[in-house]
Amino acid sequence: MKNTRILIFLVLLTFPILGRLLWFYQGIYVRSQAVTTPDYASLTLPMPDISTPEATTKSNLIENYVVLIDFEHGNNFVLAEIENLTQPITQSGAKLEISNFDLPLSERLKYCNAYVVIAPTYSFVGDEIRAIIHFVQRGGKLLVIADPTRNYYTNNSYSYDGATQYLSGADVANLLLAPFEIAFAEDYLYNLVENEANYRNVFFTNFNDDALTNDLSKIALYGAHSIQTTQKVLISGDENTLSSLTDQGGELAVAATTENGGVLAMGDMNFLTSPYYQVADNQHLLNNVIQFLLGATRTYDLADFPYLFHRTVSVLTPGKDVMDRDLVTTLSEAQLSLRSLDLSIEVTDTPTEGNDLLVSGTYRQREDLEIYLKPFDLEFSKEPIVEEENYGSILDTPEPTMTPFLTDEWNFDTETQDAVMVPGLGKFAVQDVGLILFQSTPERNTLTLLASNSEALKELTSNVFNYRDLSRCLIADSIAVCNLDSGGDSSDYVDENSGFGFEGDVIDDESTVIEPPTFTPDPYITPVGLQP
Amino acid sequence: MENESMRPKTWTLGSILLSLVLPLVIGISLSLLIPRPIVGVIYLDDSIYSSSAKDMITQIVYAREHPEVRAVVLVVNTPGGTVTDTESVYLELARLREKKPVVMMIEGMAASGGYYLSVGTDYIISEPSSSVGNVGVWSYLPSTPTVEEELYSTGPYKLWGSSRDTTIREIEMLKQGFLQAVLSGRGDRLKVSEEVILRGQLWTGIDAQRMGLIDEIGSQSQAFAKAAKMAHVSHYSVKDLRPLSGLSEIGTYSFYYEAPDGTLSALPKDPGNYYLYIPQMEGQP
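Those protein sequences? They're chains A and B, same order as listed. Per this note's numbering, the first sequence starts with residue 846, numbered consecutively. Per this note's numbering, the second sequence starts with residue 822, numbered consecutively.
Note that these hints are calculated values from the structure, not bench results. Glycine included, every Cβ here is placed at the ideal spot set by N, Cα and C. Treat each hint with caution, since some may be false.
[Said to hold, decoys possible] Some, not all, of what chain B presents toward chain A, calculated at C-beta under 8 angstroms: (1) Leu-845; (2) Ser-852; (3) Ile-855; (4) Glu-991; (5) Gln-997; (6) Lys-1012; (7) Glu-1016.
[As the list claims (entries may be wrong)] Reference listing, derived: stretches of chain A covered by chain B, where coverage requires no fewer than 3 residues with Cβ under 8 angstroms from a Cβ of chain B: (8) 854-860; (9) 881-887; (10) 1034-1044.
Using the sequences and the hints given, assemble the complete structure.
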């Protein structure tokens, strides 16, 4: 009984406790797996492979090699950012110029060898694009870089009705590159599998053979547009490099060039800035780009006037031991003009190797100038003169003229005149015109001036060097036919002092010398009517 | 004598009181000492910054130190916040989870830092249209160091903290930490690759479940029930841990940048690294 009571006591004591316990708690919480957290101590800064600095390869540059950096199109960068590009260029001996609205682009491209356009945001106008096409066609190098991190939209509106047109940097670059069949996509490339410390800093290892990809095994671009082109792709991404436009990949290009190698387009600017130019093979790539810019072999034609010379200019004066006044005047004009282009002249007897050349003479001396005239296929001939009504006005003029029609002493065939056939332009009477002949080779630019006589030659030379004005000239590539006020008949009027060019047949014909009229007083008339 | 020993004992009132009532009363009284289990709730309807993080940590510590709190449910609607505050809450949650189960209930959004906390729980429940994910880090970059003449310092980065390049690499490192948290927290439940996670996308609850980023589509009460089940408790009470832990009403704190005209920006006003979702929409200041 006592035991029973104790048992009952214990049961009644524990029952509420157990009951409540079981009412609320059906078990004990035990973790099946340990709680894990990231191993923060093992996290490190992702650092790239850094290449050792390398010297820029020396280039054999021609004198006055000019690389032009564009700053006239809202270019979204500062010059200091690209010093890794500009410093080696200047160290190589080339001149660096910045376009700053003082000269039209078409003028600058006449003498530049390379043109660099980085992150433009203001449109190029039609004339500029035409000038750039012409520049590239004649051997100039064009580098265009568009960068998605420099790609703000500006209002490039030219509409008079107030409508605005917003163009991105890629749009502006594409307007420039359209003639070359290259275009930037309005995207950036990214890679989440393997990258340089950020999804948009992408490594590239696919390179097509080209001087621009020489010695490259891996580069890093820091936010790059993809490029679409029918021309030559230089650098492209792997299957994990995706476009932000489509989130799709597949060998997306980031650098391309035209087949002839005149134009280079790249989708990133940051790779050439510090410190990114030192990552992987970026410095190799930068050096290759510099060699591209320094490797232009420009040809020139008269469209590049007045920037026809790029080296010291040899002026030939054979047989001229003593310079006369006219020659000094002419040479001084040439010297002044060339000095403004940082060029000098040398008066020599024979052409100097490595110099450009300036030659001039009269049509009479054309046989002696044959070596310089031969490339232009000029044909000299005698053509019948077509009588014109204005002959009367010539006879009536009180001014003494050089026309042979006025004196019976002229040995003059009134039925023919000397003419020159200029290919592409037609036939011209030599007495009326001067010729400017320009030949450009990698070794030398040669400018030949021809006119009918010394006065005409002086006028022609002055137009070229002093006034820099060819507005009265008909131009076809490398030949200009210029209307001169000082024209004469080359077949009969020959001035032994003409030109500062070659020795030639100088015909001294007294019949061509015009004496001033003399006055013979009437012997039968005296002031007082006296007879002698 | 023999008759006395064989005569059965009768229950007197005293013996009944002593043998039946007393132990019952004592037993009942003792049983009342057994607390009703609590599923504690921590609400986060704000960005994660110093104040909100401190509040959460206070409640987490309370939950850890009070045995009657048998499980915790975090109910969040947050775009995330600073990296350091997110990590501090995450690490406190890890300590709590060693003792008690923690369930995450995603109401409107658990983006970036909000998702960082989510993967630091044992089970994630979300509404069907909640926004989940946005894994990644962002940071204001310092400007390029220059030489100052009016303000002298003793090191090249004293005034800037770091170079731009180093800052970029640091956030990449922090991103790796975030990724590790997701991988270790979700483990085999994850059904997508790391590249998909690192895209930084926000997904709906439905997609997130499909991808293994969360465990279940459900409601708050389901979250409470799940937490209770994990803790092996029933007939529990659900209690907001804020008043229990002695915290006052939520104060106001300006986390976001406020323009002089009073317009609130979507960007935080303080520099630093962020596990934070910033909606990029036209017209957004």
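Each hint tested on the structure:
1. Leu-845: Holds. Min distance 5 angstroms.
2. Ser-852: The hint holds - B:Ser-852 has a Cβ within 8 angstroms of chain A, the shortest such distance being about 4 angstroms.
3. Ile-855: holds, 5 angstroms
4. Glu-991: holds, 6 angstroms
5. Gln-997: Holds - the Cβ of B:Gln-997 comes within 8 angstroms of chain A, reaching about 6 angstroms at its closest.
6. Lys-1012: Given a least distance of 17 angstroms, the restraint on B:Lys-1012 is violated.
7. Glu-1016: With Cβ-Cβ at 4 angstroms, under 8 angstroms, it holds.
8. 854-860: holds (count 7)
9. 881-887: Result for this restraint: holds, n = 5.
10. 1034-1044: Contact hint for the segment 1034-1044 of chain A vs chain B: holds, 5 residues under 8 angstroms.
Hint 6 alone, counting from the list given before, is not met by this structure.
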